[in-house]
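Undergrad: Chain by chain, the residues run as shown.
2 protein chains.
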Amino acid sequence: MTKPQHYTAHEAETFGDEAPGVTIRWVIDEKHGAENYAMRIIEVEPAGHTPHHTHWFEHENFIIEGQGEVTVGDEVHPIGQGDVVFVPGGVKHQYRNIGDTPLKFICGIPMDWIKDARK
Amino acid sequence: MTKPQHYTAHEAETFGDEAPGVTIRWVIDEKHGAENYAMRIIEVEPAGHTPHHTHWFEHENFIIEGQGEVTVGDEVHPIGQGDVVFVPGGVKHQYRNIGDTPLKFICGIPMDWIKDARK
Numbered sequence: 120m121t122k123p124q125h126y127t128a129h130e131a132e133t134f135g136d137e138a139p140g141v142t143i144r145w146v147i148d149e150k151h152g153a154e155n156y157a158m159r160i161i162e163v164e165p166a167g168h169t170p171h172h173t174h175w176f177e178h179e180n181f182i183i184e185g186q187g188e189v190t191v192g193d194e195v196h197p198i199g200q201g202d203v204v205f206v207p208g209g210v211k212h213q214y215r216n217i218g219d220t221p222l223k224f225i226c227g228i229p230m231d232w233i234k235d236a237r238k
Numbered sequence: 120m121t122k123p124q125h126y127t128a129h130e131a132e133t134f135g136d137e138a139p140g141v142t143i144r145w146v147i148d149e150k151h152g153a154e155n156y157a158m159r160i161i162e163v164e165p166a167g168h169t170p171h172h173t174h175w176f177e178h179e180n181f182i183i184e185g186q187g188e189v190t191v192g193d194e195v196h197p198i199g200q201g202d203v204v205f206v207p208g209g210v211k212h213q214y215r216n217i218g219d220t221p222l223k224f225i226c227g228i229p230m231d232w233i234k235d236a237r238k
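So the protein lines, in turn, are chains A and B. Going by our numbering, the first residue of the first sequence is number 120, and it counts up by one from there. Going by our numbering, the first residue of the second sequence is number 120, and it counts up by one from there.
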C-alpha cells in the first residue's frame with residue numbers, strides 16, 4: 120500500500136466501557152505491509168479518557184490537536200499540539216482530554232503486539 | 120524520558136545539498152530508550168525536497184501540515200494534512216513541497232537504521 124490515504128479513510132473503532140469517548144484507527148499495520156511498527160490515531164472526546172493500564176510494549180505519541188493530560192507512572196503531564204511523548208513499556212499510563220475539543224494523537228506500537236494480542 | 124516535549128525542543132539538523140530547504144528532528148530515538156522505532160519530524164520549505172533515494176527500511180509518515188507530493192517508485196501522489204503514507208523498504212522515494220508554506224510530516228523508521236548507519 121503506497122498510495123497516501125487520509126487517516127479518516129480508516130474505520131474508527133471504539134474501545135468499550137473502559138475508554139469512554141475514545142476511538143482508534145489503525146492507519147498503518149500488517150494490512151499495509153508494516154513488519155516493525157504500527158501507527159494508530161486515537162481520538163478522545165472532551166472528558167473522555169483511555170484505559171489506565173499497562174502492557175509490555177512502549178507507545179510513541181505525537182499530539183495532533185487538542186488539550187489533554189498524560190499519566191505516566193506517578194506523573195501527570197499536560198499535552199497539546201506538537202508535543203511528543205515516549206511511554207516506556209511496562210509503565211502504567213493514561214491519556215485524558217481536559218479541553219473542549221477532541222484530543223487527537225498518533226500512537227505507535229511495535230508490530231509484536233500481534234503476538235501479544237493472540238496469546 | 121517520559122516527560123512530554125514539544126517537537127521544536129529538539130535540534131533541527133540540515134541534510135545538505137541533496138535536500139535543499141529540509142530539516143530533520145529526531146524526536147524519539149535511543150536517547151529516549153526507544154528500542155524498536157524512531158520518530159523524526161521533517162520540515163520542508165516551499166520548493167524544497169528530500170533526496171530521491173532508496174534504503175532497505177520503510178518509512179511511516181503522517182502529514183502534519185502543508186501541501187506536497189510524495190514519489191514512491193514510479194508513482195507521484197499529492198499529500199496534505201492528515202494523510203498517512205507507508206513507503207516500503209527498498210523503494211525509491213522523495214517528498215517535495217509544492218505549496219507556499221512549510222510541509223511538516225512525521226517520518227518513522229526502525230531503530231535498526233543504527234546498524235545500517237554504522238556499517
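A portion of the hints provided could be inaccurate.
Stated by the list, open to error - In silico lysine-lysine, BS3-like type, Cα no more than 27 Å apart, as pairs:
| hint | chain 1 | residue 1 | chain 2 | residue 2 |
| --- | --- | --- | --- | --- |
| 1 | A | 234 | B | 234 |
| 2 | A | 211 | B | 122 |
| 3 | A | 223 | A | 211 |
| 4 | B | 223 | B | 211 |
| 5 | B | 234 | A | 223 |
| 6 | B | 211 | A | 122 |
| 7 | A | 150 | B | 122 |
| 8 | A | 150 | B | 211 |
| 9 | B | 150 | B | 234 |
Just so you know, these hints were derived from the structure itself, not from any lab. Computed from a predicted structure; not experimentally measured.
Undergrad: None of the hints should be skipped; say for each whether it holds.
TA: Hint-by-hint comparison with the structure:
no., hint, in the structure
1, A:234 to B:234, "holds, 25 Å"
2, A:211 to B:122, "holds, 14 Å"
3, A:223 to A:211, "holds, 20 Å"
4, B:223 to B:211, "holds, 20 Å"
5, B:234 to A:223, "violated, 33 Å"
6, B:211 to A:122, "holds, 14 Å"
7, A:150 to B:122, "violated, 32 Å"
8, A:150 to B:211, "holds, 21 Å"
9, B:150 to B:234, "holds, 16 Å"
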